[in-house]
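Residue-level listing of the chains:
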Amino acid sequence: MVYKNVKGRIFDIQGYAVHDGPGIRTTVFTKGCPLRCLWCHSPESQHREFELGYLPVKCIGADVCQNACLDACPEGAVARDEPVEALDKSGLIQKAKIDREKCTNCLQCTEVCITKALYASGWDTTVDEVYERLLKDRGFFKDGGGVTISGGEPMAQFDFTCNLAKRLKDSGIHICLDTTGFAATELFAKILPYIDLFLYDIKHMDTKMHKKITGVGNEQILKNARFLAEHGAALQIRVPVIPKLTDKRANLRQTAEFCASLGDAVKLVQLLPYHKTGRMKYERLGWRYKLTNVEPPADEFMNNILAMFQSFGLNCQLH
Amino acid sequence: MFTEFDIPISERIQKLKAKRERINKDMRLNFERNRIITDYYRNHENEYPVLKRAGFLYEWCATRKINIDDDDIFLGDGGPQCRTVHFDIEQTSQSWIRGCFGDTDERFRAAWQVPGSVWVDDEDREWILEAADYWKDKDIAATARGLFPPEFFENAGPFLEHLAGSYPGHFNPNYERAGTVGFGAVRRTAMEKLEEIRKHTTADNVRSELFYRAIIKVCDGMILMSKRYAEACRKKAETAPTPERRAELLKMADSCDWIIENPARNLWEGLQTILFYQYLLIADGTHWADSPGLIDSFLGPLLEKDLETGVLSHEQAQELFDAFLLQIGNQIIMFPKPTNDQLIEAHQNGKTFFDLQGGAQNIAAGSLITIGGLKEDGTGDYNLATEMILLSYYRLRVAEPSLALRINKHTPDRIWDLGIACSIRSGGMPQFNNDDVIIQTMLDKGVPLEDARRYAIFGCVEPAISGKEWSMAANCGGFGGGASLIDILQYVIYGNVNPMTGAEGMLPCKKLYEYESFEELQAEFERQIKHYIDYQARLYHFAALVFNHEWPCLSASVMTEGCLESGKDVTWGGAKYNGMGSMFSAVGTVADSLMTIKKLCFDDKTVSTKELYDALRANWEGYEMLRQRILNEVPFYGNDHEEPDSLMQWFTNFYADHYNSRPGVNNGTNNCGALDLYWVAAGKRTWATPDGRKAGDPLSHSSDPRQDAVKNGPLAYVKSVAKLPWDKMRCGGAINLRLDANSVRSEDARSKIRKLIKSYFEMGGIQFHFTVADTEVLRAAQKNPQDYQDLIVRIAGFSAYFTHLPFDVQENYITRYEIGL
Ligand code: SF4
Ligand code: SF4
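Chains as they are written, first to last, in our numbering: chain S, 633 to 951; chain X, 5 to 825.
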């Protein structure tokens, strides 16, 4: 079978991914996404291209490394930072400092950085390689667990995602696909037989608003949701509740109506209140975090929304 | 979250809890027990050891002070301080006593009479010094000196100290027999046995005659003590503030007249019997880890009867469990370790006795309650008492005693749910135990199935047959002259010397750069393990002889199955089963070090053994790049990598096989396990190791991977640890997992944790501990300890209040692997 060697680009594989579907799951995160949600909590997932990631806490200082990263950079984008106390309190060290204006993401510095303080935000792999890695966790997948393919947008690397799903399905492993729904309908038709549960985001019911906060309109997404529902898919709908962006009652009510209209296909609706944990990741990539003055919604508000969704007869929970 | 279990505790329990917290801050050394034993032994020097012990125990029962406070639900606290802190003088290093109390007045006061200290009065100080003089050539260490072969004196310094500081009371006493048979019936049996053997005295049974006389004396003492409490309750009733309290006290009096002599008739009596028996065990000096095993099993029927007949309401029953838990945790001892220098320094820095190295290990009961499991016939043993005990832990958030829950296919969903919710809330209690594998390890020891099904845990993680097995204290991580993997690793690298301390080992060997191949180094490692295990096993036989010769343990023998039947004290081999544990530790540091040597020096040959040796000798100074390469490029244990994990399997199997096959003390079995209470302290006396660790840094903990070596997430971590030969770990060993608070926030977090535990068990793991803690919360607790008094974390085989831990242990805990998302 040739599909084993299909290439893919991923940025992480995580075990015990408790928020990505039922049971104990290992999640594969593919790299690249057509959407640009303002609150995105994995910015490293957005671009198909690799970026330079930098974790200063791991850097042991240019003295020890004898300027390895400085010398490796063809653009002169790495310099010595102001001296700071070393983690083990052994004295002052000068860590690397990246000038993001100059950096072209060529990644040459990551190859010489021994501590992996400088790292590439992802790697290229094959279906086979990922499959072998996932199989190691198989002992945990009983009782409803399995693999989740997430992203970025996994449908954006359709060959890889579909072949991986097939391969896992053949081995009897339960598969979730975590998707924005933004892909051609015929691709969903093709992958449908291999997916046990779709984790499907509905971000906003108004297409203009949708475009404003994610960069794309919602027509394709709603259409695909309906298509999947009508063709026997199981859906777990995820609704992000982001203050000021998606939390208008009218919008949430329409979302609930839409979910209800999909009928039995919807097994569960999860309300995802905004949280700030992704913020650090922006720093690592040297990006600006856009939602600086948004606070997580109040519990009371979330409970009200929950009750509203339930009033439509939906199986709904806070996440 | 988890609100369904949040039923508020009663006002009375709140008062009892507050009292305990208050007295926690104001502990005093209580010398009552030490005065009684010293007086008795002084006046009866020629009495045979078993009779002397019985005489002392009787005297203790007959004369100990009785204290009943207004809100007390149960009886027996050592009062006036409800937390009875003491050390056992005949087991304590007399040089420690002289060092602390024979110091100058000024230094004595600075160590023992300031806030944060364990208070010692001037008068007590004088007495203890004088008593220490009496004991110096009569204590347990003196007996050991009188019979140990000479080679032990050269090498067994730490072991003698250890022996002098802890009696072998690491076991599951037979509380069930105390509660369902009673001391009266035991006394009658002993009388009958005595009559019988008197008729045919032989060389074999002549000592048994003395034993039975001793048992009768102990029973008499216990029955007397209970009746003294009955009397005190009646007296107290006369001045009771309310008619209700008066009635309650009179009822307690009636019960005390009945129990101990006779089987308990209701829940209160069952719980009170456990407590009275516990006090006897502690007075006898078996304090370290008297662990109530399977008590829910016999309390359940009493509870259900009370509920049926309306003697108790559901709330009242829960209140009894709450009160019991608060009270049993009061029974603590002081581990005689800290010196005046350490104490003074600590106090000067605004710290308490608790904050010293060892933290929770300085004052503890080491006790552990086991609940759930299987009945003898193989059916599930869970009842309402199981649930209520869990609920009390959930509500009260106490760090002691520890709690173990047995898991098998009969475990009800509600118990699973409650167990996990409780563990999330109360910092790792209960620990979860895998019946399938543990029962198999008991069978492998030669225990028949019906008994194997009735195992319980004692101490931290050690399984034994509840009420039927006598198990001498296990050595932890080589502490106490045993086989320590980390010491052996150092010998093999540095040529039979520990560079940190300069101490030499017993077997001369090569240095790292002199080995021709990795196989040669492995062979040397095996040779050393074997040597130290043989040495240790031999040492244990002599240690057992110390007790057999002069230090019987009648409080255990009076109830432990086999003793009454055979006419032998537990220290003479009277128990039905006998075990002796040995724990290895620092598994991660050792596995990663071996992996580094193998990969860099022998497989890839990118670093010579000489260069690595020099780097180690220099404590990595000038070799930081090499160290970083090791830290970042060598595959380490804990990531589900084939190679380091199989190295780990090689030496742990070797250790377990060899130790388990040595003949055990009292003709029992040797039981290997994995546990370490001293990984931070042991790290301080360990030089640099090849895994990139610097001299003095903490070792990896027990059988867990090194904290910063875990890179592939929790599932890989769990899988790696599951590869230990758990089926040979008859003395237990747990995986310690710290979950990020975020991961328990999801709606079905409990079911996911349950699946994680089940997966680990199916892979062969035997014990699962987890704690949920936020790094942010822990950091805040370090800054403002007063606001986090009840924050409990699981740090080794036990749970402890985080703010009571020494700073370096706190740091180590925080940096230990954390599952983030
Ligand atoms: S990624 Fe390339 S351009 Fe950017 S800092 Fe590294 S070496 Fe320089
Ligand atoms: S970024 Fe890497 S290579 Fe550069 S100084 Fe820090 S640790 Fe060394």
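Honestly, the hints are just simulated from the structure, not real lab data.
Any given hint could be a false lead.
[Stated by the list, open to error] Only pairs whose alpha carbons sit at most 27 Å apart, straight line, appear in this in silico BS3-like list of lysine-lysine:
no., chain 1, residue 1, chain 2, residue 2
1, S, 774, X, 727
2, X, 602, X, 614
3, S, 768, X, 614
4, X, 715, S, 774
### Task
Kindly indicate which numbered hints from before are broken by the structure, ordering the numbers from low to high.
3
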